[in-house]
Amino acid sequence: MQISSAKPLFLSALALACAPVSLSAQSMGAGSAIHGTVELEYSDDGTNDMALLYGDADASFSFNGGGEGMGFDAGVTAYLGEGGSSETAVFGALTYTTSYGKFSFGLPRNASSGMSRMPVIGGTQALGSLQKAWLGDLPLTNYLANDDYFAGVRYDGDYGAVKTALSFHHTKTDVNFADLAVKYDSGFFFANGSLQYFNGNGGAEATVFHGEAGAATDFYDAGIGVTSGDKLIPDAWQAWASFRPIDQLGVSATMLDPDGSAAIWGLSAKYGFMQGGYVQGGVSDTKNADALWDVSVGFSF
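Letter by letter, the sequence shown follows residues -24 to -1, 1 to 277 in mature numbering (1 follows the signal peptide of the UniProt record, and there is no 0).
Rather than coming from a laboratory, the hints here were simulated on the basis of the structure.
You may find that some hints are simply not true.
[To be verified] Capping the alpha-carbon separation at 25 angstroms, the derived lysine-lysine pairs in BS3-like fashion look like this:
1. 139 x 263
2. 108 x 148
3. 139 x 159
4. 207 x 148
5. 108 x 139
6. 207 x 108
7. 139 x 207
8. 263 x 207
9. 78 x 159
10. 78 x 139
[Stated by the list, open to error] Computed beta-carbon distance windows for the label pairs:
11. 191 x 41: 25 to 31 angstroms
12. 236 x 46: 47 to 53 angstroms
13. 206 x 250: 22 to 28 angstroms
Source: prediction; values computed, not measured.
We treat Cβ as the ideally placed atom computed from N, Cα and C, and that holds for glycine.
My request is simple: use the sequences and hints to build the entire structure.
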């Protein structure tokens, strides 16, 4: 990863372990919407520091004013670091919505992308770029790190409290992956799970599972997660809890434990202002590495 070469030692340690956001949609007319986050952050572990510009956004356009028919989805995830280093993934797909669900063709995001409810560890987006690998976004992690873009198809079904997605992609390095995701939200309890199958051009295969469960209200949410990496990534446990004493303020505690050997802990606080703006501060730590401190300012739309 280009950016990881400039990251503090703490981030390098997390990258080696990999070796063997609430958004309000903005309407753009009937059937069209855009939502995302732009954030500028500064992180420091006492020895190394780094500034990073993070952006993640998705837009949906309907050619017939909403409802059934043709449309277009576009998306981008980008990490822009110091010295010109950058990691960017761009998506775009033609869509066709029917009474049976939505079908996407081109370069859609994989089915379980963005499904996880877990906050970013310590509020640090630089860590979040690596954290995604354990939360159903392994294809995105590979896209960002190796510019290994993928083309494919995706289906989304909405059954009220239950939402499903299924996708199949082929990357430019001849890796095939299929992704099945299911999400349930009762308004209090939530659960989601994904199953991803990877087949490389050398015949290598792997099946990665990720699941989460928890509860959420207007004032708090908490959850646990588990990932089985099938030797593609280390197995891992996750846990988190967030508390919002007032609408503008949220505090989150997070934990990611890859392979049961080097748990990473994070604590962050986020204060919102105006409509979509926020400031955030946090700290992350693990054994055999210095604590990583982070401060950021951003805007969600």
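These are the hints, each one checked on the structure:
1. 139 x 263: This hinted pair is violated, its Cα atoms lying about 38 angstroms apart.
2. 108 x 148: Roughly 21 angstroms between the alpha carbons, so the hint for residue 108 and residue 148 holds.
3. 139 x 159: Since the Cα atoms of residue 139 and residue 159 sit roughly 5 angstroms apart, the hinted pair holds (cutoff 25 angstroms).
4. 207 x 148: Holds, at roughly 23 angstroms.
5. 108 x 139: Judged against 25 angstroms, a Cα distance of about 21 angstroms means the pair holds.
6. 207 x 108: Measuring from Cα to Cα gives roughly 17 angstroms; hence the hint holds.
7. 139 x 207: 29 angstroms, violated
8. 263 x 207: Measuring from Cα to Cα gives roughly 23 angstroms; hence the hint holds.
9. 78 x 159: Roughly 16 angstroms between the alpha carbons, so the hint for residue 78 and residue 159 holds.
10. 78 x 139: Status holds; Cα separation ~12 angstroms.
11. 191 x 41: 25 to 31 angstroms: This hint is violated: roughly 37 angstroms between Cβ atoms.
12. 236 x 46: 47 to 53 angstroms: Check passed, 48 angstroms falls within 47 to 53 angstroms.
13. 206 x 250: 22 to 28 angstroms: 45 angstroms, violated
Hints 1, 7, 11 and 13 from the earlier list are contradicted by this structure; the remaining hints agree with it.
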